[in-house]
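Chemist: Sequence:
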Amino acid sequence: MFDKDVVNFFLDNQSRLFDEDVASTPEEAQDFLEDSMAEVVDSIDEVIEYFDEMGIDTDGMSEDEIEQQAEVFALPDGRYLVVNS
53 MFDKDVVNFF LDNQSRLFDE DVASTPEEAQ DFLEDSMAEV VDSIDEVIEY FDEMGIDTDG
113 MSEDEIEQQA EVFALPDGRY LVVNS
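Heads up: the sequence shown runs through residues 53 to 137, numbered per the numbering used here.
Among the clues, some could well be false.
The list that follows gives simulated cross-link-like pairs (lysine to aspartate or glutamate, DMTMM-like), each with its CA atoms no further than 20 Å apart [unchecked claim]:
no., residue 1, residue 2
1, K56, D87
2, K56, D129
3, K56, E105
Across the chosen pairs, the derived CB separations fall in these ranges [unchecked claim]:
no., residue 1, residue 2, range
4, T77, G112, 17 to 23 Å
5, G107, N60, 17 to 23 Å
6, D116, D83, 28 to 34 Å
7, E123, T77, 19 to 25 Å
Since the hints were made in silico from the structure, they are not lab data.
Even for Gly, the Cβ is constructed at its ideal location relative to N, Cα and C.
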């Protein structure tokens, strides 16, 4: 379950990852995030760990480059939402 801030941030910023909206309500966004096995992590280091676990090569990428990946959403509170697209 994702908290309200994460769900609303994804709703407002989903166009960064998708050409068309995948959710139009908080409930749809919650369902989408759960179905896509999205993760919320506390730091960019945890994003890197997550990518490594998923087999995504981040060698040679700066933290800024990783943060700019379409599936990485920097949340206003300092956490990161990573969406499997």
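Chemist: Does each hint fit the structure? Answer for all of them.
Modeler: Tested hints:
no.	hint	result
1	K56 with D87	holds, 17 Å
2	K56 with D129	holds, 12 Å
3	K56 with E105	violated, 27 Å
4	T77 with G112: 17 to 23 Å	violated, 40 Å
5	G107 with N60: 17 to 23 Å	violated, 30 Å
6	D116 with D83: 28 to 34 Å	holds, 31 Å
7	E123 with T77: 19 to 25 Å	holds, 22 Å
The earlier numbered hints that this structure contradicts are 3, 4, 5.
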